[in-house]
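Undergrad: Listed here are the chains, written in short residue letters.
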Amino acid sequence: MKKILALLSMLSLVLLFASSAMAATDINEFEQKLIDKFTEGALIDGETVTLSEEEINLAKNFFMRDEIDLTEADVDGLLAAIDQIILIAQGANAVNFSDLTSAQKLEVVAIAEAAVAAIASVELTFSYDFDTNVAKILDGSGNILAETVVGDDSTVIKETGNDLLMTWSVLSAIVLLVGGSFVVARRKGLLDLS
Amino acid sequence: MTNKRRTQRITAYIVMPLFFSFFGLLIMYIALKPVVDLGMGLSMRMISSSSLNLNGEISSLYEDKDLIERNRVPISEVTMPYVGQHYAKLSIEHLDWSRPVYWGDNDRILLRGVGQFAGSFLPGFGKPIMLSGHNLSMFYEIQYLQVGDIVTIQTNYGKYDYEVFDYGVKKRPYTGAYDLSKNEEELILYTCYPFTILSSRNDERYFVYARRISGPDVR
Chain A
91 MKKILALLSM
101 LSLVLLFASS
111 AMAATDINEF
121 EQKLIDKFTE
131 GALIDGETVT
141 LSEEEINLAK
151 NFFMRDEIDL
161 TEADVDGLLA
171 AIDQIILIAQ
181 GANAVNFSDL
191 TSAQKLEVVA
201 IAEAAVAAIA
211 SVELTFSYDF
221 DTNVAKILDG
231 SGNILAETVV
241 GDDSTVIKET
251 GNDLLMTWSV
261 LSAIVLLVGG
271 SFVVARRKGL
281 LDLS
Chain B
757 MTNKRRTQRI
767 TAYIVMPLFF
777 SFFGLLIMYI
787 ALKPVVDLGM
797 GLSMRMISSS
807 SLNLNGEISS
817 LYEDKDLIER
827 NRVPISEVTM
837 PYVGQHYAKL
847 SIEHLDWSRP
857 VYWGDNDRIL
867 LRGVGQFAGS
877 FLPGFGKPIM
887 LSGHNLSMFY
897 EIQYLQVGDI
907 VTIQTNYGKY
917 DYEVFDYGVK
927 KRPYTGAYDL
937 SKNEEELILY
947 TCYPFTILSS
957 RNDERYFVYA
967 RRISGPDVR
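Protein chains in written order, with the working numbering: chain A, 91 to 284; chain B, 757 to 975.
Everything labelled a hint here was simulated from the structure, so no lab data went into it. C-beta: ideal position from N, C-alpha, C; glycine also. Certain hints may be false.
[As the list claims (entries may be wrong)] Heads up, incomplete: computed chain A residues facing chain B, CB under 10 angstroms, no partners named:
{"no.": "1", "residue": "I125"}
{"no.": "2", "residue": "V199"}
{"no.": "3", "residue": "I247"}
{"no.": "4", "residue": "T250"}
[What the hints assert, rightly or not] Cross-link-like lysine-lysine pairs, in silico, DSSO-like; alpha carbons within 27 angstroms at most:
{"no.": "5", "chain 1": "A", "residue 1": "K123", "chain 2": "B", "residue 2": "K845"}
{"no.": "6", "chain 1": "B", "residue 1": "K821", "chain 2": "A", "residue 2": "K226"}
{"no.": "7", "chain 1": "A", "residue 1": "K226", "chain 2": "A", "residue 2": "K195"}
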């Protein structure tokens, strides 16, 4: 459920972004209501599910990038969308996004997309990739305003070890060295396969 | 040529050379590991520092310029970067080392430079800052940081110094390794551990912790 709320926290960004001049601003009282909602969470299957501190920070950062302050009406609409999603999660006893059925996931994503479409003053796109579980909000120029992985495990610590390029480079070098030695040896007549 | 003889020749001239080559290389690697790791790290940094335009999402708003020293910066002067946008420079003066810092820390960003977890905060906000980089390229040098060393983050609105007070290896699930709810501007650097190419494991990270000692507050 907390990951569903993470998706909805992304919706709040839709209502906040106004122009390409992304000067930071303070969080206003209406935006604070959303943060309070994320902190309060929801009761799902006997468990109070909230966003993690990191996810709330993500929302705060994007509230601060807003040039146009979120209005009370904007927040009320977003809270209504959050409540819709909570109902879906409660009906399915789904604490995590992965606990939902495919149809329910599609419904949750559709709610998010509808919230984006309802914003008339700015051009924004909400996207969710079902293969990578990455949710994004982009502005009209394709800039990514927010990006998060909606998964069951914590996504704070990333993979920062050997990347594929270097690993394959090393393995390729070894194969080339061995293969090349074989070819050279054969050409010089050191190997007789006949 | 009989099949037996052909098999013997294949074994003698292909299988055995490959077998001994593999173990020979392995023994050489073990013996020359420090040199190999350094070489791979340098190669990786060369690859990373080249102009790899992996996608259109990577851009920059950072300007490398001299800044006026101030105690406070109005929040309106701070431009929130997009995901994938270069917004700061991370440097360690006594190592003559610097790296670009990008907002966000997805795989594409980490190939390009140092990534900042977007669930942490920008410098000057009095809250934790979490940065990550690949262990053999961007963050190879952080293993040499000691208590008392200074790490600097320069943005377009301020220059921030952080003094290292702790470092160490943490294991997955990294309980207690970080606290992003703190009301304290703590700089957290992390990368995969150990700092080798063929023995890096995914369940350990090397963390360095530093606290802010200078730089303007964002109000």
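Undergrad: Work down the list of hints and note, for each, if the structure agrees.
TA: Going down the list of hints, with the structure as the test:
no.: 1; hint: I125; verdict: violated, 13 angstroms
no.: 2; hint: V199; verdict: violated, 19 angstroms
no.: 3; hint: I247; verdict: holds, 6 angstroms
no.: 4; hint: T250; verdict: holds, 5 angstroms
no.: 5; hint: A:K123 <-> B:K845; verdict: violated, 35 angstroms
no.: 6; hint: B:K821 <-> A:K226; verdict: violated, 32 angstroms
no.: 7; hint: A:K226 <-> A:K195; verdict: holds, 16 angstroms
Violated hints, listed in ascending order, are 1, 2, 5, 6; each of the other numbered hints is respected by the structure.
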